[in-house]
Amino acid sequence: MKSAVQDYEAIKTAVRTAANAHGEPQWFVDRRLAAIDAMQELALPEMQRYDFHRWPLMGNVELSFRDSDKHLADGLPKATNQIRFVQVGQTTVAVNLPADLADQGVILTDIFSAFRNHADLAKKYFMTQVTQYNENKLTAYQQAFLNAGIFLYVPKGVEIKQPIEAYLIQDSTVKQAMVSHVLIIAEENSQFSFIQHLTTRGDEANAAHCMVEVVSGTNSHVHFSSVDELGANTYSFLHRRANLANDARFDWAIGIANDQNTLGDITSELIGEGSHSESKVVAITTGKQSNGLNNRVVNRGKHTTANISQRGVLLEKSELVFNGIGNIIHGASGANAEQENRVLMMSHEAHGDANPILLIDEDDVIAGHAASAGQVDQNQLYYLMSRGIDKELAQRLVIRGFLGPVLEEIPLKEVRREMIGVIERKLKDGQHFE
Amino acid sequence: MATLEVKDLHVSVKEEKSQTREILKGVNLSMKTGEIHAIMGPNGTGKSTLAQTIMGNSAYHVTQGDILLNGESLLEMPVDERARKGLFLGMQYPAEIKGVTNAEFLRAAINARRPEDDQISVMAFLKELDKNLDLLDMSKEMTERYLNEDFSGGEKKRNEILQLLMIKPSFALLDEIDSGLDIDALQVVAKGVNSMRGDDFGSLIITHYQRLLNYIVPDVVHVMMDGRIVKSGDAELAKKLENEGYAGLRDELGLKVNLVDDNR
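Each protein sequence line maps, in turn, to chains A and B. For the first sequence, numbering that gives the first Met the number 0 assigns the number 0 to the initial residue and increments by one for each residue that follows. For the second sequence, numbering that gives the first Met the number 0 assigns the number 0 to the initial residue and increments by one for each residue that follows.
Accuracy of the hints is not assured; some may be wrong.
Simulated pairs of lysine-lysine, DSSO-like, Cα-Cα distance not exceeding 27 angstroms [what the hints assert, rightly or not]: (1) A:427 to B:155; (2) B:139 to A:412; (3) A:390 to B:255; (4) B:155 to B:167.
Which stretches of chain A does chain B cover? Using the computed rule of at least three CB atoms under 8 angstroms from a CB of chain B, they are [as the list claims (entries may be wrong)]: (5) 123-133; (6) 397-403.
Rather than coming from a laboratory, the hints here were simulated on the basis of the structure. Beta carbons are placed, not taken as given, at the ideal position from N, Cα and C, and that holds for glycine.
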């Protein structure tokens, strides 16, 4: 027991030293230390019908900073006039923000610069409103060992036409956890879309904690997309949450195609009256990997609308669990929550589950759900193959048809195309080993 | 000239409680490109089983005999390979596939027959497509819809024939392509099949009704009962059957076969 306490004091000392050396403001160093204290007491989050307790998510309790090789970002699509942010490991490689947007007060910067230069905003919003650091052991870990991330602030009434693209590249050429945070603040009446790309370079076994917090202000319109392609040696925890104020519209469009186990937790809190959120996820699993994905919408405000639509494809011996959680809080009259969760198993050894979970504490609501877990339709495969199309392509066509209803509704063409590309790549990999 | 031969073919299906039932009990058939053969027969006699087995549907198990395309056995060949070797099956109940457009599917089917470095150009594809749509009196809009998704029965059958015209197989097995069609649609389907007639095309048309054969005149007519071909002849045989019924032929041949249609 004594040695555990010594260890923990030693960890705190080491984190304080590293954070100070990193030039972090005192308020944030204090928050790190408070989070380490909290970690001792907190439990891992619970996920229904899914167990991830043995995953190596928190093996790394050392805070350190290093420069990554910028060339690890080579090969990204060419920037054509776009707003982009590129980070390799902890090193910010590029920030392109047009001058007119900066003049209007838009801030796009790495998270530690935001702590120093925009402390008022960062202090107010970083893990205080959308997510609390002391919700569970993983959220506390996030605050304690944060080592990368982005800060985006869009002021009142600012509309950004082009999507803001962020490339977050995990540097696994070295042994170090990725603890990354995307904090997005959309002020009243602002409008923009944000596209995030997660990838891994290098083969070291590292965890990735990728958190997203979105503050959707009154009547703001924000669209968040993520294309997740973390590597085969990366266990990941993807925590993504948005709070919606009155009449805010906020949508998720997420493609999960990581190559290792993934725990996903996506939440929209519809706090303001008349707010609306669409939460769309497609996921594909291969090999022996296991993905557990919670997609939760919470209707708190009156006349709020929150829809979930998830589709997953399983190959080989993989496992995929979709929990669709619709929670309508007492008082949220006129709320509307529909959800659809479907998984398609391409192999007899795959294990898929789609669980609709409705927690409704208000009478005057409309809520519905549909779920299915099934095998690929042999009749469809036979039909395609009877026209000379080989089995692999026939499977991919059937899968594309299955994912179509979710993919089609992704408004940004580029994202849709990229997701289809990522899915096809992973399908080809999965089929290769069949 | 291509040949398709069925030799002493016995086929079983697995039924519930792992019982098997023999459906085809020794079918012999030989055809060449340039010929149209029709197979007629009462319900439940194995006509569709024969077509599905030639195509390679895994629900049907060959227990004896062989199927040869140009002298090569098809039995160990997967469905897609049989198709690329020149077989086509126009299905009674075509599958619906969401998310894949008809046009995209047709291109994939054509390209499956061509080498990687010689895929059909968009221009050539569209030209051929337009020509065939015209022939079948189909709108261009049909090709942008998802494959058979929410198609009417008649639209599905037309779409089968459109695929036939685009893919240009050596042998087309047409399984009750006439069922559920009104006379106008039937004529369109017949027009499509007739446009394929020539030295490089053969067809095996399975039908329950003689009506279709007024529009696609067969060179050879076979009658199937109880898993065997019991009589073959020319187009006149179909007409005779229409007048006398299957029961008449059965009694004439002295067969002890129970016809499903007898209960009517």
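Compare the distance between the alpha carbons of residue 427 (chain A) and residue 155 (chain B) with 27 angstroms, and conclude whether the hinted pair is satisfied.
The given pair, whose Cα atoms are some 31 angstroms apart, is violated under the 27 angstroms limit.
Check of the stretch 397-403 of chain A against chain B for coverage (Cβ-Cβ below 8 angstroms, three residues minimum):
holds (count 6)
Are there at least three residues in the stretch 123-133 of chain A whose beta carbon sits under 8 angstroms from a beta carbon of chain B?
violated (count 0)
Would the hint linking residue 155 (chain B) and residue 167 (chain B) be met if the CA-CA limit is 27 angstroms?
holds (18 angstroms)
When you check the alpha-carbon spacing of residue 139 (chain B) and residue 412 (chain A), does it fall within 27 angstroms?
holds (24 angstroms)
Given pair status - residue 255 (chain B), residue 390 (chain A), alpha carbons within 27 angstroms:
This hinted pair is violated, its Cα atoms lying about 43 angstroms apart.
In the structure shown, a violation is registered for the earlier hints numbered 1, 3 and 5, in ascending order.
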